[in-house]
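With the hints as constraints, model all of the structure from the sequences given.
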Amino acid sequence: MIGIQEFNDVAKSQELLKRFEPQHLEKLAGLAREVRFTRDQIIFREGTHPGFFYLIVEGSVVLEIIATGRSVLLQTLHAGDAMGWSSLVDAEEGAHFEARALSPSRALAFDGAQLRAACESDPAFGYRMMKALLSLVTDRLDASRMQLLDMYGAAGAVRA
Amino acid sequence: MMTASGSGLNHSNLADPMRPDLVRIAEVNRETADTCTIITESSDGDPLPAFAPGQFSMLYAYGVGEVPISISGDPGVPNRLVYTIRSVGAVSQALIGTPAGDSIAMRGPFGTSWPVEQAKGQDVLLVAGGIGLAPLRPAIYHIVRNRSEYGRVTILYGARNPKELLFTKQLKGWAALPDTQILTTVDGGGSSWRGHVGVVTKLFGLATLQPERTVVMTCGPEIMMRFVVRELKSRGFAGEQIYLSMERNMKCAVGFCGHCQMGPYFICKDGPVFAYPKMRHWMGGLREL
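Line by line, the protein sequences are chains A and B.
Each residue of the first sequence is one higher than the one before, counting from 804 in the numbering used here.
Each residue of the second sequence is one higher than the one before, counting from 13 in the numbering used here.
Simulated from the structure, these hints should not be mistaken for lab results.
There may be inaccurate statements among the hints.
Derived lysine to aspartate or glutamate pairs resembling EDC-like cross-links, with alpha carbons at most 20 Å apart [said to hold, decoys possible]:
| id | chain 1 | residue 1 | chain 2 | residue 2 |
| --- | --- | --- | --- | --- |
| 1 | A | K934 | A | D945 |
| 2 | A | K821 | A | E861 |
| 3 | B | K245 | A | D942 |
| 4 | B | K181 | B | D46 |
| 5 | B | K245 | A | D945 |
| 6 | A | K934 | A | D914 |
| 7 | B | K181 | B | E243 |
| 8 | B | K245 | A | E861 |
| 9 | A | K815 | A | E849 |
| 10 | B | K132 | B | E252 |
| 11 | B | K245 | B | D135 |
| 12 | A | K821 | B | E243 |
| 13 | B | K181 | B | D191 |
| 14 | B | K175 | A | D953 |
| 15 | B | K175 | B | D46 |
Quick list of the computed label-pair ranges, beta carbon to beta carbon [to be verified]:
| id | chain 1 | residue 1 | chain 2 | residue 2 | range |
| --- | --- | --- | --- | --- | --- |
| 16 | B | G163 | A | E824 | 33 to 43 Å |
| 17 | A | S938 | B | W294 | 41 to 51 Å |
| 18 | A | V892 | B | F268 | 51 to 61 Å |
If you want the footprint, here are the derived chain B segments under chain A, 3+ residues with CB under 8 Å [to be verified]:
| id | stretch |
| --- | --- |
| 19 | 193-202 |
| 20 | 269-275 |
Where is the CB? At the ideal position from N, CA and C, for every residue including glycine.
And the structure:
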């Protein structure tokens, strides 16, 4: 657990927490613990239960997926980004991707089960949390759609 | 002064804009698997025309055809026109397949230019995608040559994968200049890639930007520029601060044939560089006829 003052300082750089009320930040602060990752440390693997939702404070992390035996990089995340959202909504299936630290990184970790329980017991907090999560997922979906367009490929060029 | 809203060094400066001139290919440099940069020089000793950053030429490969190609070289170096060409069809393939020493035909330069004069005294943000870095490179050369006249310079560049990033050595050199930030990202990378992965708009969060004092120039696939404009607006940039370079299938290059018409504009004559408000109603949702 980290202090509310320290948490509020970190929260200022977190896009996800921009619209949280002070009492909601206080609730989150009570659930947060600081974690550190070394370069190339696997934070969670695809299909395993990440158990934690993370807000990255320092460093960079890559989301990747193993396809036909090799790693395909999908997106890099940085300070201010969140990861491990499946721990909040999909406790059974486990992580959808693998997360690996690209550089020494620091994050705030929230136990998914505790966070889900907090959302259930305080609907106003839960609603705020789910709105933030939906915004995060929408952002990821937009980015994935753009990547799927292969817009830099020859198909997107004026052919001549 | 050459601006995106004015005509700049366009066909009105030329005696006969439909008459091509011979130019000799001095060098062909491979950039990526499908992209080469060709350096052209005068074939008869007459000086080549000057150009403004953002302008394009019509290049003709004998017996194959003519295509518009943006100039990617340094506007401060006279008598040399440089083009970075991606092979996407018969003509572009023929152009990059022409060996050094042979000649091609060239008309131009044509069109409007990046607002490098208006940007003086302000920060500059350049956002490029794929081959879109090539039309922006002359503006970067100009800014670097006159570095003290500009504020902070930020270049955000996205490509399909690490092997398709253009001008990587130059980008590294420019990144070392004071008050200059260059961030690159790729849509997909192998496990050895340690740079950014994701769409170019994700780089905005990593850049140090002051919207109220920044001129934006962007070039890339139209869909990318639409997302870039959306991101810029969400960060407080006004449409008037944003300039983009449009691409259409140009033929005459002087606004006669109508091939490149987009609403009330001919991309060849009124563009290719436009202030965003002019394009606002014509970008996105329009299917090419």
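Right, here's what the structure says about each hint:
Distance hint between K934/A and D945/A is fulfilled; the C-alpha atoms sit about 16 Å from each other, no more than 20 Å. For the suggested pair K821/A and E861/A, the alpha carbons sit about 18 Å apart, so the restraint of at most 20 Å is met. A C-alpha spacing of about 16 Å is found between K245/B and D942/A, which places the hinted pair at or below 20 Å, so the restraint holds. The suggested pairing of K181/B with D46/B holds, with an alpha-carbon distance near 18 Å, which does not exceed 20 Å.
Proximity of K245/B to D945/A is assessed by CA-CA distance (about 17 Å); at most 20 Å being required, the pair is judged to hold. Of the pairs offered as hints, the one joining K934/A and D914/A holds, with about 19 Å between alpha carbons and a cut-off of 20 Å not exceeded. Between the alpha carbons of K181/B and E243/B the distance comes to roughly 28 Å, so the proposed pair goes past 20 Å and is violated. About 27 Å separates the Cα atoms of K245/B and E861/A, which puts this hinted pair outside 20 Å; it is violated.
Proximity of K815/A to E849/A is assessed by CA-CA distance (about 30 Å); at most 20 Å being required, the pair is judged violated. Taking the CA atoms of K132/B and E252/B, the gap is about 16 Å. The hint holds against a cut of 20 Å. Annotation: proposed proximity of K245/B to D135/B holds, straight-line Cα distance about 17 Å (limit 20 Å). In summary, the hint linking K821/A to E243/B is supported, as the alpha carbons are separated by about 17 Å, within the 20 Å threshold.
Using a Cα cut-off of 20 Å, the hinted pair K181/B and D191/B holds, with the two alpha carbons roughly 18 Å apart. Distance hint between K175/B and D953/A is fulfilled; the C-alpha atoms sit about 15 Å from each other, no more than 20 Å. For the suggested pair K175/B and D46/B, the alpha carbons sit about 11 Å apart, so the restraint of at most 20 Å is met. Judged by the Cβ atoms, the range 33 to 43 Å given for G163/B and E824/A holds: they are separated by roughly 38 Å.
The hinted window of 41 to 51 Å between S938/A and W294/B is violated, with their beta carbons roughly 30 Å apart. Remark: the range hint 51 to 61 Å for V892/A to F268/B is upheld by a beta-carbon distance near 58 Å. Coverage of a stretch by a chain is defined here by at least three residues with a beta carbon nearer than 8 Å to that chain's beta carbons; for the stretch 193-202 of chain B and chain A the count is 5, and the condition holds. Only residues whose beta carbon comes within less than 8 Å of a beta carbon in chain A count, and the stretch 269-275 of chain B has 0; fewer than three means the coverage is violated.
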